[in-house]
Amino acid sequence: MTSSNTTPLNRANFFQRHAELAFKSVKHIRGLRPVMPGGAMYMMIGIDIGRFPEYETDLEFVQALVAEQSVFCLPGACFEYPNYMRIVLTVPEDMMAEACRRLAEFCEKHYKVDQGELEERQNGLLAEMDQMD
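Numbering (UniProt numbering), first residue to last: 1 to 133.
If you're looking for bench data, these hints aren't it; they were derived computationally from the structure. Beta carbons are placed, not taken as given, at the ideal position from N, Cα and C, and that holds for glycine. Among the hints, a few may not be true.
Between beta-carbon pairs, the in silico distance windows are [what the hints assert, rightly or not]:
hint : residue 1 : residue 2 : range
1    : Q131      : E98       : 33 to 41 Å
2    : N13       : E105      : 25 to 33 Å
3    : E128      : T90       : 39 to 47 Å
4    : K109      : P8        : 38 to 46 Å
5    : V66       : D94       : 18 to 26 Å
6    : D114      : V66       : 24 to 32 Å
Use the sequences and the hints to build the structure in full.
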């Protein structure tokens, strides 16, 4: 946080902007569910751990995220909130955007599509192709 964010109102606005940036970015990442904070300096993000079969717990997921992408966050288990992770919103905006980009890259690499989702995608593509005829 910069010195211009030292008043309570400026801090609140800073955290709100960063929360909105993170939420908008993370809500599009398959396998994750961000929870918009109500004024906190951090955001909880739900992990659909079943979609990431390489990892059994949020701790394993976060450890791999740190090792592969250098995105530092805490596993939800630290707060008795399993299958979540917590990110802080106090970093500069460009760092927040980069962390979200890296998080998306990590999830895209490790996310596994189940049979139902695969069939849904195929049916959607077939319907699009039918409309083109």
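For the range 38 to 46 Å, tell me whether the beta carbons of K109 and P8 fit it or not.
At 40 Å between Cβs, range holds.
Cβ-Cβ distance between Q131 and E98: within 33 to 41 Å?
holds (38 Å)
Check the following: the C-beta atoms of N13 and E105 are separated by a distance inside 25 to 33 Å.
Taking Cβ atoms as reference, N13 and E105 lie about 29 Å apart, which means the hint holds.
A range of 18 to 26 Å was offered for this pair. Does it hold for the Cβ distance of V66 and D94?
holds (20 Å)
Consistency of beta-carbon spacing, V66 to D114, with hint 24 to 32 Å:
holds (27 Å)
Given a hint of 39 to 47 Å, does the C-beta separation of E128 and T90 actually sit inside it?
Since E128 and T90 have Cβ atoms about 43 Å apart, the given range 39 to 47 Å holds.
In the structure shown, no violation is registered for any of the earlier numbered hints.
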